[in-house]
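Put together the whole structure using the sequences plus the hints.
Each chain, written out:
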Amino acid sequence: MSAGRVKTMRSSSHIYAIIFLQIIIVVLFALFVRYDPKTAQRSPKSVEDGNGQMKDTYPIFQDVHVMIFLGFGFLMTFLKKYGLSAVSLNLMCSALAIEVFTLVYGFFHVHCENPQFEFGSSDCPSSWPYIDVNVVTMISADFATAAVLISFGVVLGVTSPLQLIVMTVIETIIFVVNEIIGRDYIGAVDAGDTIFVHLFGAYFGLAVVRVLYNPDHAKSDKEGSSYSSDLFSMVGTIFLWMFWPSFNGGAAATGDAQQRAVINTYYSLCSCVMAAFAFSALVTPSKKFSMEHLQNATLAGGVAVGACADMMLTPGGSLAIGSLAGILSVCGFQYIQVNIFR
Amino acid sequence: MSAGRVKTMRSSSHIYAIIFLQIIIVVLFALFVRYDPKTAQRSPKSVEDGNGQMKDTYPIFQDVHVMIFLGFGFLMTFLKKYGLSAVSLNLMCSALAIEVFTLVYGFFHVHCENPQFEFGSSDCPSSWPYIDVNVVTMISADFATAAVLISFGVVLGVTSPLQLIVMTVIETIIFVVNEIIGRDYIGAVDAGDTIFVHLFGAYFGLAVVRVLYNPDHAKSDKEGSSYSSDLFSMVGTIFLWMFWPSFNGGAAATGDAQQRAVINTYYSLCSCVMAAFAFSALVTPSKKFSMEHLQNATLAGGVAVGACADMMLTPGGSLAIGSLAGILSVCGFQYIQVNIFR
Amino acid sequence: MSAGRVKTMRSSSHIYAIIFLQIIIVVLFALFVRYDPKTAQRSPKSVEDGNGQMKDTYPIFQDVHVMIFLGFGFLMTFLKKYGLSAVSLNLMCSALAIEVFTLVYGFFHVHCENPQFEFGSSDCPSSWPYIDVNVVTMISADFATAAVLISFGVVLGVTSPLQLIVMTVIETIIFVVNEIIGRDYIGAVDAGDTIFVHLFGAYFGLAVVRVLYNPDHAKSDKEGSSYSSDLFSMVGTIFLWMFWPSFNGGAAATGDAQQRAVINTYYSLCSCVMAAFAFSALVTPSKKFSMEHLQNATLAGGVAVGACADMMLTPGGSLAIGSLAGILSVCGFQYIQVNIFR
Numbered sequence: 001m002s003a004g005r006v007k008t009m010r011s012s013s014h015i016y017a018i019i020f021l022q023i024i025i026v027v028l029f030a031l032f033v034r035y036d037p038k039t040a041q042r043s044p045k046s047v048e049d050g051n052g053q054m055k056d057t058y059p060i061f062q063d064v065h066v067m068i069f070l071g072f073g074f075l076m077t078f079l080k081k082y083g084l085s086a087v088s089l090n091l092m093c094s095a096l097a098i099e100v101f102t103l104v105y106g107f108f109h110v111h112c113e114n115p116q117f118e119f120g121s122s123d124c125p126s127s128w129p130y131i132d133v134n135v136v137t138m139i140s141a142d143f144a145t146a147a148v149l150i151s152f153g154v155v156l157g158v159t160s161p162l163q164l165i166v167m168t169v170i171e172t173i174i175f176v177v178n179e180i181i182g183r184d185y186i187g188a189v190d191a192g193d194t195i196f197v198h199l200f201g202a203y204f205g206l207a208v209v210r211v212l213y214n215p216d217h218a219k220s221d222k223e224g225s226s227y228s229s230d231l232f233s234m235v236g237t238i239f240l241w242m243f244w245p246s247f248n249g250g251a252a253a254t255g256d257a258q259q260r261a262v263i264n265t266y267y268s269l270c271s272c273v274m275a276a277f278a279f280s281a282l283v284t285p286s287k288k289f290s291m292e293h294l295q296n297a298t299l300a301g302g303v304a305v306g307a308c309a310d311m312m313l314t315p316g317g318s319l320a321i322g323s324l325a326g327i328l329s330v331c332g333f334q335y336i337q338v339n340i341f342r
Numbered sequence: 001m002s003a004g005r006v007k008t009m010r011s012s013s014h015i016y017a018i019i020f021l022q023i024i025i026v027v028l029f030a031l032f033v034r035y036d037p038k039t040a041q042r043s044p045k046s047v048e049d050g051n052g053q054m055k056d057t058y059p060i061f062q063d064v065h066v067m068i069f070l071g072f073g074f075l076m077t078f079l080k081k082y083g084l085s086a087v088s089l090n091l092m093c094s095a096l097a098i099e100v101f102t103l104v105y106g107f108f109h110v111h112c113e114n115p116q117f118e119f120g121s122s123d124c125p126s127s128w129p130y131i132d133v134n135v136v137t138m139i140s141a142d143f144a145t146a147a148v149l150i151s152f153g154v155v156l157g158v159t160s161p162l163q164l165i166v167m168t169v170i171e172t173i174i175f176v177v178n179e180i181i182g183r184d185y186i187g188a189v190d191a192g193d194t195i196f197v198h199l200f201g202a203y204f205g206l207a208v209v210r211v212l213y214n215p216d217h218a219k220s221d222k223e224g225s226s227y228s229s230d231l232f233s234m235v236g237t238i239f240l241w242m243f244w245p246s247f248n249g250g251a252a253a254t255g256d257a258q259q260r261a262v263i264n265t266y267y268s269l270c271s272c273v274m275a276a277f278a279f280s281a282l283v284t285p286s287k288k289f290s291m292e293h294l295q296n297a298t299l300a301g302g303v304a305v306g307a308c309a310d311m312m313l314t315p316g317g318s319l320a321i322g323s324l325a326g327i328l329s330v331c332g333f334q335y336i337q338v339n340i341f342r
Numbered sequence: 001m002s003a004g005r006v007k008t009m010r011s012s013s014h015i016y017a018i019i020f021l022q023i024i025i026v027v028l029f030a031l032f033v034r035y036d037p038k039t040a041q042r043s044p045k046s047v048e049d050g051n052g053q054m055k056d057t058y059p060i061f062q063d064v065h066v067m068i069f070l071g072f073g074f075l076m077t078f079l080k081k082y083g084l085s086a087v088s089l090n091l092m093c094s095a096l097a098i099e100v101f102t103l104v105y106g107f108f109h110v111h112c113e114n115p116q117f118e119f120g121s122s123d124c125p126s127s128w129p130y131i132d133v134n135v136v137t138m139i140s141a142d143f144a145t146a147a148v149l150i151s152f153g154v155v156l157g158v159t160s161p162l163q164l165i166v167m168t169v170i171e172t173i174i175f176v177v178n179e180i181i182g183r184d185y186i187g188a189v190d191a192g193d194t195i196f197v198h199l200f201g202a203y204f205g206l207a208v209v210r211v212l213y214n215p216d217h218a219k220s221d222k223e224g225s226s227y228s229s230d231l232f233s234m235v236g237t238i239f240l241w242m243f244w245p246s247f248n249g250g251a252a253a254t255g256d257a258q259q260r261a262v263i264n265t266y267y268s269l270c271s272c273v274m275a276a277f278a279f280s281a282l283v284t285p286s287k288k289f290s291m292e293h294l295q296n297a298t299l300a301g302g303v304a305v306g307a308c309a310d311m312m313l314t315p316g317g318s319l320a321i322g323s324l325a326g327i328l329s330v331c332g333f334q335y336i337q338v339n340i341f342r
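Those sequence lines, one after another, are chains F, A and R. Residues in the first sequence are numbered from 1 upward in steps of one, following the numbering used here. Residues in the second sequence are numbered from 1 upward in steps of one, following the numbering used here. Residues in the third sequence are numbered from 1 upward in steps of one, following the numbering used here.
Take the hints with a grain of salt, since some may be wrong.
On the chain A side, residues computed to face chain F include the following (Cβ under 8 Å) [what the hints assert, rightly or not]:
hint, residue
1, SER246
2, ARG260
3, LYS287
4, THR298
None of these hints come from the bench; they were simulated from the model. The C-beta atom is built at its ideal place from N, Cα and C for all residues, glycine as well.
Shown next, in the form of C-alpha cells:
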C-alpha cells in the first residue's frame, strides 16, 4: 500500500519538478539574459553584424538542430514499445538542457568578449552581469544537449521522467564546468566535440546507470525491436549520418579549417559505413547485416574523426580512421559485454 | 440508385476540376508571369543580385518548404486510417495553392517595385502587366500555403478531394486580399505571420467545417490513432518544431531583427515544450503524457511568439510567452469543446 | 548440396569483396588524394577562399545529401518486406560510390584548374599527380551516387549485396567516362544532370536487370506494399520533391542562372503534382489516387525540367513541362509493360 502511494506521489512529482524548474528559469532569464548588443539589438552596427552572423552560423545551426531533435530522437525508437516515449522525452530533455545551458554557460561567460574580465571584478563593462545570447549561443546550447542525449541513450527505458529531469539539470551544469576546465585550463583541442560531448555523455550515462541499476528490472520487457521500429530508427540514424559534417564543422574555425573538418568527416563516415557493413556480416553467424550494428557503427566514423576533424589528417587518413572506427564499433557491440555493476 | 449515380459522378468531378484549373493556370502563367528582370534574367547586374538573393533567402526558403510539405503533411498522419490521404492531399493542396498564390498575389503587385504605381494606371513601366517571380515569391507562396494547410487540418477526414480543391482556390484568393487589407491599409505588424497565416487559416477552416458539417458523419470511423501513426505524426511535429525559427525569421527584416526573431522563437519553443509536458501530465487522469497534447501544444510557442517575433521581447519574455502558449494549448485541447454547429 | 555450398560461399564473398575494395581505396586515397590547396589547406589566401566556397556550396550540398541518403533510401521502402534492406543497401552503395567517384573523377582531372593540362604531360604543376578534394568534389560525388541509386531502384529486390557492390564500382567508372565524353567532347548541356544522372542510371539499371534476369524469380514474394511501407516511402518521395530545386540548381552556374534553375524546378514540380493526381485518378478503375503513381510521377517534373533548368524556359513553360511529365509518367507506369527480356 505504502509502496503504491509512494509510486503515485512519485508519478506526479515530475510535473511539479518541471513547473518549479520552469518558473525559476523564466525568472533567471528575465533578470540576466539579454540579446547580444553587438548583433541582435537595434543599432547601426548590429544590422551588419547580425546579417553576417546569421549567414555564417544559422544554416549550420539548423543542421545540428535536426541532429539533436530528429536524429537522436528517432535513433532511440528502436525499442518497439518505447518509440513514442523516446521521441517525446528526447524533446523534453533537449528543451530543458538548452534553457539550463544558456544560464549556466552564461554565468561563466558574462561579457566574455574581454578575456581578462573575472566574474565579480570591477572591470565589468556594465554594472549588471548580463548574459548575451545570439545565434552562436543557440548552436552551443544544441551541442551541450547532445551530451545529455547520449547519456539518455544509455539509460533508455530504465528511468522515470523525474530522473531524466534531474539528470539533465545536473549533467548540463557539469558539462559546462568540464568543458571550461578542459578547454581553458588544460588547453584541450577538440574541434568536433568528441571528448566534451560524446565521451562525457557516454561516461556520464554509464555512471547514472550504475547508480540507478535495479537487478529486478535487469531484463526489461520493453527490449527488442520490430520491423517498423527499426525503420523509424534508421530515419534517425541517417539524419545523424548526413549532418555529422555540419556537427564537426560547426564548432571549427571558419575558412580552410572548417572545410577540412567537413571533408574529413564526409570521407570518414563513408569508409565507416563500408567497414561496419563488412564486419557486421562477418561477426553475425548468419552472415547477414545486423540492423543493431548498422544503426550504431555507421556513426562511429563521425565521432572518431571529431576531435581532430579540422586538422591535416589527409583524406586517406580520414578513411583509415573511419574504417577502424566502424570495425571497433561492430566488434565492441558484438563481443564486449562489460558488467559495470559488480 | 440516383444517390449512387450522383456519388459516382462526384467521384470523377475532382479529376476534371484539376485538369480544368491546371489548363487555366498554365495559360495565365504563359501570358503574365516572367522571371524577375532584376535577379533572374541574364544581365550584367542580375548575376550579382541573383547571387545575393539566393544566398540570403534560399536556405530559409528550404526550411519553410520542409515545414509545409513534410511537417504539415506528416503532422496530419495521426489518424491511423487517413495517413496516406493526409500526406498526399497535403501535397496536392500545397502545389495548387503555390500556383494560385503566384497569380493572385502577382496581379495585385504587378511591378510592385514602385509603391506609388496603381494597377491600370499609365505609370506602368511596361505596357503589359507582368508578374515578376524570384526566390522571394517562392517563400511568400509557401507562407500562403501554410494557411491553406491549417484549414486542411481542421477539415481533415470529412472533405472530398473536390471540396479541398475548391477550398484551396477560394482560401488562397481571400488570403491575399486579407493580407493586403491588413498590412497595406490597416498597417498591421505581423513578422511571423501569426495573424495572416495561423489565425486566418484556423478560422477559415472552422467556417468551412461549419458549412460542410453533416451530423450523420459526426463520429468518423477514421478517428483514432495507432502507435505507428503517432510516430509518423511526431516526424511532422518535430520538423515543424525545428524549423519554426526559420518560419518566424524568414519574413522578418534581415540583420538584428531577423536574429531576434530566431532567438525569440527558439526560446519560446523550448519553454512551450516544458509547459506542454507538465500540463499534459497534469490534466490527464493517468498523469501520463498524452501524444495528442504533445503533437499540438509543443508548437504553440512558435505561433504565439510569431506576430512580434522580431521585436524586443527579451529572451525572458519569449520564455514566458512560450510557457503560457503551451499551458493554454493543452488546457484548450483538454477542456474546451465548443459546439460550433448550433 | 553443392548448390548449398556455393550459396554459402557466395553469401560470404561480399564481405571479402568489401574489405578488399576498402583496403585498395584507402591505399589509393593515401597516395593520391589531398585537400585542395586553394581552399582547404592553411594559407593566408585559403581562409578567404574556403569561406566563400563553403557558404556558396555547402547548404546546397546538404540538400542534395539528404536527397541521396534519405530521399532515395526511403523512396525504396515501398516493398513491405524489403524496407530495411533498401535503406541499408542504399547507404552502402552510396558510400562506396562516393569513394570510387572521388578516385576515378580525380584521375581524369588531376590539377584540373589548368584546362590545357594533359595527364602525364610535363606541364603538370607538381611532379606527383595529386587529386584535389574540396566541398565541390563532395557535391559532384553525391550527384554520381544518384545515378547508381537510380539503377539500384531498377534492380531492387533481385540482386545480392555482392552484385550491388560490383554494379556500383563498374557504374561509377562508366558514369565518369560517359560524362567526360558527353560534356567535354560532344559539348552536351545538362544543367540538372537529367541526361548524365537520371537517363544513364535508368538505362544502366535496365541493362543490369537484363543480364541478371532469372525467370524462376520473376514474381518475387517480396513484392507488394503495406500501409506503413507506403508512408515510409512517402517520407522519401517528399524529401526528394522538396530538395529537387537544389539538385537542379546545385550544378548550375551561380547568379541569375541558378535562380532560374530553382524557379523552373519549383513550378514544374508543382504542376507535375497536379497532373499526377489528376491522371492517377483518371487511369485507375476505382477513380482513386494510386500511391504507386504518386510516389513516382510527382518527381517526374524535376527530372523533365532538369537538363534545361537554368535556361529561359519561362515560368509558364516550366508549368507545361511539369504537367506533361506528370501525365507521361502516370500513363507510362499504368499502360506500358515492355518485356525487355525477349
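Quick rundown of the hints versus the structure:
The closest approach between the C-beta of SER246 of chain A and any C-beta of chain F is roughly 7 Å, which is under the 8 Å cut-off, so the hint is satisfied. A cut of 8 Å between beta carbons decides the hint on ARG260 of chain A: the least distance to chain F is about 5 Å, and the hint holds. Here the hint on LYS287 of chain A is kept, as its CB sits about 5 Å from the closest CB of chain F, short of 8 Å. Given hint, THR298 of chain A at the interface with chain F, holds; its Cβ is 7 Å from that chain's nearest Cβ, closer than 8 Å.
Violated hints for the displayed structure: none, as all numbered hints are satisfied.
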